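Chain order of the listed sequences is A and B.
Just so you know, this note's numbering puts 13 at position 13 of the first sequence, and the rest follows in order with no gaps.
Just so you know, this note's numbering puts 192 at position 192 of the second sequence, and the rest follows in order with no gaps.
Hints are computed from structural coordinates only; laboratory data are not their basis.
Note that this is a predicted model, so its numbers are computed, not measured.
Note that beta-carbon positions come from the ideal geometry of N, C-alpha and C, so glycine has one too.
It cannot be assumed that every hint is accurate.
[Stated by the list, open to error] Not the full set, but computed from the structure, chain A residues with beta-carbon under 10 Å of chain B:
#  : residue
1  : LEU57
2  : LYS60
3  : LEU63
4  : GLY395
5  : ASP396
6  : PRO397
7  : ALA399
8  : THR400
9  : ALA403
10 : LEU404
11 : CYS441
12 : LYS447
13 : ASP479
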Amino acid sequence: MGVTLARAAQWTAAGSGAGTLETTPLNESLLNQIIKFAEDFSTKHPQEAAYVFREPLEWKTQLDSSAFGEGYVINEATVQSEAKHEDGQPLLILSASTLRVRSFDQLSHLLRIAMEKKLKEAQACLEANRDPIVKILGPEYGAVEGEDTSILHLFDKVKKESGLETELKMKIILLLHQLDLQLLNSSLKQISQHERLNPATVNNEVNLLKNFCGRGEDTVLESLEYTSDYIFSNGCRAPPWRQVHGEICYLVIKPHDTDPLCITCSTAGVFLNGGKDIDYERKSDLYEDIVTFLRERSPRFVENMPKQTPRKDSEDKGKSSTVPLTTKKKASGKSKTVKIQETSKCKASSSLEDIGESSSETDEDEQPLRHQEGNTDLSAEYWGIQKLAKYVKGGDPTATLIALCSMRDFNLSQETCQLAIKDTGCLEVLINLLDTEEIKCQAGSLKILKDISQNVLIRHAIADLGGLEIMVKILDSSDTNLKCLAAETIANVARFKRARKTVRQHGGIKKLVELLDCISVGSSYQAKDTETARCGALALWSCSKSTKNKKAIRRAGGIPLLARWLKCSHTDILIPVVGTLQECASEPSYRLAIRTEGMIENLVKNLSSEHEELQMHCASAIFKCAEDEETRDLVRKHEGLQSLSDLLDNTENKQLLAAVTGAIWKCAYSTENVLKFQEYKTVETLVTLLTDQPEEVLINVIGALGECCREQENRGTIRRCGGIAPMVKLLTATNQALLVNVNKAVGGCAMEPENMSIIDSLDGVRLLWSLLKNPNPDVQASAAWALCPCVENAKNSGEMVRSFVGGLELIVKLLKSKDKEVLTSVCAAIANIAKDEENLAVMTDHGVVPLLSRLANTNNNKLRRHLAEAIAHCCMWGRNRVAFGEAKAVAPLARYLKSKDPLVHRATAQALYQLSEDPNNCVIMHENGVVKLLLAMVGSTDDALQEAAAGCIANIRRLALATEKAKYG
Amino acid sequence: MSRKGLKVLVESLTRSAKHFNKSEVECLVKLFDTMVAKASSEYAGAGFDRTVFRDILYNAFGMTDDVVMDRVFSIFDKDNNGYITVTEWVEGLAVLLRGTLEEKMKLCFTIYDLNGDGYISREEMFQMLKNSLLIQPADEEPEEGVKDLVEIALKKMDHDHDGKLSFTDFEKAVRDENLLLEAFGPCFPDIKSTVLFEQKIFRETHK
Chain A
1 MGVTLARAAQ WTAAGSGAGT LETTPLNESL LNQIIKFAED FSTKHPQEAA
51 YVFREPLEWK TQLDSSAFGE GYVINEATVQ SEAKHEDGQP LLILSASTLR
101 VRSFDQLSHL LRIAMEKKLK EAQACLEANR DPIVKILGPE YGAVEGEDTS
151 ILHLFDKVKK ESGLETELKM KIILLLHQLD LQLLNSSLKQ ISQHERLNPA
201 TVNNEVNLLK NFCGRGEDTV LESLEYTSDY IFSNGCRAPP WRQVHGEICY
251 LVIKPHDTDP LCITCSTAGV FLNGGKDIDY ERKSDLYEDI VTFLRERSPR
301 FVENMPKQTP RKDSEDKGKS STVPLTTKKK ASGKSKTVKI QETSKCKASS
351 SLEDIGESSS ETDEDEQPLR HQEGNTDLSA EYWGIQKLAK YVKGGDPTAT
401 LIALCSMRDF NLSQETCQLA IKDTGCLEVL INLLDTEEIK CQAGSLKILK
451 DISQNVLIRH AIADLGGLEI MVKILDSSDT NLKCLAAETI ANVARFKRAR
501 KTVRQHGGIK KLVELLDCIS VGSSYQAKDT ETARCGALAL WSCSKSTKNK
551 KAIRRAGGIP LLARWLKCSH TDILIPVVGT LQECASEPSY RLAIRTEGMI
601 ENLVKNLSSE HEELQMHCAS AIFKCAEDEE TRDLVRKHEG LQSLSDLLDN
651 TENKQLLAAV TGAIWKCAYS TENVLKFQEY KTVETLVTLL TDQPEEVLIN
701 VIGALGECCR EQENRGTIRR CGGIAPMVKL LTATNQALLV NVNKAVGGCA
751 MEPENMSIID SLDGVRLLWS LLKNPNPDVQ ASAAWALCPC VENAKNSGEM
801 VRSFVGGLEL IVKLLKSKDK EVLTSVCAAI ANIAKDEENL AVMTDHGVVP
851 LLSRLANTNN NKLRRHLAEA IAHCCMWGRN RVAFGEAKAV APLARYLKSK
901 DPLVHRATAQ ALYQLSEDPN NCVIMHENGV VKLLLAMVGS TDDALQEAAA
951 GCIANIRRLA LATEKAKYG
Chain B
1 MSRKGLKVLV ESLTRSAKHF NKSEVECLVK LFDTMVAKAS SEYAGAGFDR
51 TVFRDILYNA FGMTDDVVMD RVFSIFDKDN NGYITVTEWV EGLAVLLRGT
101 LEEKMKLCFT IYDLNGDGYI SREEMFQMLK NSLLIQPADE EPEEGVKDLV
151 EIALKKMDHD HDGKLSFTDF EKAVRDENLL LEAFGPCFPD IKSTVLFEQK
201 IFRETHK
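Start from the sequences, fold in the hints, and give me the full structure.
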């Protein structure tokens with residue numbers, strides 16, 4: 001055990017003491033084996049188990065005294081075992097979460113007590129006792145790195161002194177040794193599964209790559225050579241004293257686009273070494289193979305790799321004709337996965353901290369994939385930039401500045417130039433320049449970085465090189481111009497999550513918010529302040545895509561500043577300001593602030609701006625904020641509804657259209673707003689948008705129409721404008737968000753009998769019904785809701801429903817759903833369907849009664865109401881009344897009368913009235929004290945409730961009289 | 001100097017130097033007087049010479065380039081009499097510390113135009129840039145690098161392609177890219193020294 005623990009187990013911190021065992025599969029399997037060994041020890045070797053350890057094993061436990069039972073003396077938090085050593089000390093002591101154990105017997109026992117905490121306990125024990133054998137047997141048995149003399153030692157001892165104890169010790173150590181060997185064996189198996197390079201794989205890869213070398217256009221490399229032709233018998237080419245370090249061979253690779261690369265292939269992987277003249281030192285990261293290495297180093301290699309078709313070198317055929325095909329596939333496939341892994345890895349690592357990132361983020365987060373261009377020659381731009389890079393690197397500030405300014409004459413928005421700056425190593429220098437005191441060089445460098453950071457690869461490279469940290473620092477500069485440039489560059493770079501996090505963690509958010517806080521705000525906006533604020537807002541906009549940054553902006557006091565700038569009239573600052581606001585409006589605190597700080601007025605005002613982008617951001621800010629009723633009222637008061645309606649005419653800009661229709665949808669939640677929209681003929685316009693629009697527009701359009709349907713007039717308008725047909729057609733869509741809205745809208749339209757006949761003729765009810773099969777509960781629920789008016793208003797609805805094969809069974813089965821809304825909607829639908837006796841009979845056969853009864857114990861008022869309705873209607877068939885009573889639905893229903901919701905009362909009273917036709921149910925109701933409650937309801941102004949309550953009481957009374965008569969009569 | 005005389009002087013300088021207010025001018029005049037007092041009385045208390053001036057540039061503004069400092073002196077010394085008078089001092093500093101872009105461009109151009117012929121020639125650029133390469137490319141003649149750099153600068157700034165920079169060329173280049181104002185070497189004190197200097201000198205008077 002000692003040897004395994006010392007060598008094979010994967011300790012986190014090197015060195016002894018504070019190290020902890022990593023949670024790796026290997027360690028876990030080791031621990032499990034040790035646990036099994038210890039647990040079985042007392043039964044397998046009862047004699048040895050009684051042996052008292054030289055010193056107790058001591059560790060911090062997570063068990064508390066309550067876990068211990070028989071065989072222990074428990075005294076509040078301390079626990080002692082009843083078994084004691086000769087000297088009177090108990091063999092197990094637990095006090096203040098420190099546990100001391102002195103025999104295997106106790107250890108086995110303990111592990112059994114620990115149950116599922118076993119693994120944790122064993123881990124804690126071994127972490128605290130790095131060499132348990134020393135504690136068990138004594139210091140002379142310690143595992144010594146390199147040799148294990150404990151057996152010999154023991155042997156000596158046995159020879160010198162004989163006795164029971166030594167014999168025991170002997171047995172224990174042999175047992176422990178056995179365990180050790182077993183552990184080592186199993187861990188060896190695991191370790192050997194790790195892939196390592198070997199001479200044969202390297203040789204294969206080299207031979208393969210050689211096939212694609214040459215001077216030609218499409219080749220991946222110019223050449224690739226071993227540094228030595230001599231091969232040792234083990235297949236290595238590295239000299240023996242380097243083979244000791246796992247090195248296999250050295251290669252000189254000449255790519256088309258970079259200097260020759262000297263690399264080392266070792267069993268651990270491939271890396272760049274210091275050059276072919278005996279400098280073996282590692283100069284780069286480790287890569288798993290040569291191809292992966294080259295992908296990082298040579299863009300040309302990446303470009304040309306996919307173009308390779310296996311060249312038929314006849315003499316090589318035997319060796320490589322099969323290899324290239326498979327390997328190449330693997331290589332190109334792998335590179336992709338490697339890249340994706342990289343990003344997902346960084347995502348994973350950041351997601352640990354950034355769990356709350358907004359959902360929109362994942363879509364916007366980018367993956368750095370190098371674009372492949374047809375052009376493979378190094379461009380003139382490349383050479384030009386390389387020449388300037390020389391002066392940037394090796395000049396004094398004056399020379400650097402000239403070179404930087406000249407570099408900006410290249411078209412830096414072009415990808416070739418952007419990548420040339422990266423590939424010539426100039427990017428590092430540019431970032432280093434930021435860290436100097438030379439304001440002009442900093443500015444020159446930032447001007448370039450600002451332009452080239454439009455490129456995804458460059459953005460990631462800047463973040464990797466630590467550029468963001470320095471730029472955040474520059475935000476403190478006394479030079480305004482420099483601050484602006486830094487903020488603008490941050491705005492470009494912070495388009496991916498990790499970068500945004502870096503900005504936040506280095507205090508960037510606060511500094512960026514401060515850029516908005518210019519002295520002259522409020523009086524007259526000076527050009528310089530506007531520019532500073534613009535740059536700050538741009539950066540905040542980029543950063544605000546992360547939830548934590550939204551919070552940071554708020555904490556830094558950004559909201560009132562954004563509100564102040566929102567009042568200005570410069571479009572170039574309004575766009576980032578509104579952009580930030582609409583991004584942040586996903587947070588409730590921002591929505592509240594947007595309303596209370598009076599920003600709605602300005603947002604509405606800017607809907608009439610000339611800039612479509614600004615209009616779009618304003619509309620989407622309203623879209624997000626109008627979830628709130630007061631906000632919706634404010635939009636109306638500031639005449640925003642008119643502006644929104646007008647914006648519907650711009651159907652070319654789909655992004656704008658999506659934002660505007662979204663805002664209309666949410667605003668239409670308020671009935672007053674719907675009336676306004678009626679006035680503006682918005683419904684008519686919306687109907688024209690039901691066809692030929694992208695999904696994100698359709699979702700909102702149909703959502704808005706669904707809301708408008710609450711008004712009878714609009715239901716007619718939609719029909720007259722021919723909106724029903726496209727709506728029903730959308731029932732076949734696949735987007736679930738869209739389907740939810742379509743269901744709602746169709747359901748809304750179905751409230752008009754005239755509409756219903758159109759829906760019916762288009763087979764809309766069948767489409768709705770089949771959406772009950774959709775896996776998304778929201779879609780299911782909305783479909784079930786929509787079915788209610790359909791069933792109610794369709795002609796011959798009973799027959800129609802029966803014509804859907806398996807339809808009734810389907811809807812009854814949905815009563816098993818776990819989603820409250822689905823249950824509620826299905827109950828409502830069943831209540832409607834059950835009005836047809838034949839259908840009710842079929843549903844009864846499918847077990848609707850027990851399924852409904854099962855739901856009776858709910859506390860949800862909405863569900864209670866529809867459930868009671870469904871029960872009321874389902875009572876109408878056969879012995880269903882009795883069945884509800886048997887299924888124990890009556891008592892819970894009786895309790896519904898105590899609910900505060902009058903709608904629940906009505907439905908419940910109706911259900912009870914129906915149920916009271918059965919004498920047994922009356923007894924249960926009476927027992928549950930319904931009479932008193934119902935009596936109160938007889939006085940209600942609601943006729944239906946009144947009637948049902950009275951009917952129910954009458955039934956109960958009649959029964960009581962009858963019983964009395966029977967008894968005394 | 002009498003109080004009245006000082007007042008008149010300050011008023012006239014405030015008008016001619018434009019960028020300073022009265023109290024600031026007064027401080028600069030005081031500073032001038034202390035400098036003159038420290039220097040030898042060669043110019044009968046009317047001014048100080050090149051050495052003292054260079055000391056100020058070095059100590060107060062951290063300027064180090066001898067060529068540039070000499071050029072700045074000649075520009076300050078408008079009447080070319082070898083010493084700087086109080087008027088030259090205040091008016092010179094006005095441009096150096098608070099000049100508009102136009103004034104600064106003129107100043108730089110004059111500094112860079114070493115022989116005063118109205119053009120910055122290849123040779124003048126070479127002269128100013130000759131020590132600007134810290135790392136010499138190994139495979140090239142040391143001068144080649146500088147020559148290349150001169151060509152790069154010319155390509156960037158010589159808009160009329162006559163192989164030298166006229167003031168028009170220079171002005172256009174700087175207007176396009178303000179960073180090129182000090183293209184051939186620093187001519188102005190950096191922000192930090194300026195702030196420090198102004199704090200030190202102007203605060204004293206307010207007391």
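Cross-check of the supplied hints:
no., hint, in the structure
1, LEU57, "violated, 63 Å"
2, LYS60, "violated, 56 Å"
3, LEU63, "violated, 64 Å"
4, GLY395, "holds, 5 Å"
5, ASP396, "holds, 5 Å"
6, PRO397, "holds, 8 Å"
7, ALA399, "holds, 4 Å"
8, THR400, "holds, 8 Å"
9, ALA403, "holds, 7 Å"
10, LEU404, "holds, 8 Å"
11, CYS441, "holds, 9 Å"
12, LYS447, "holds, 8 Å"
13, ASP479, "holds, 6 Å"
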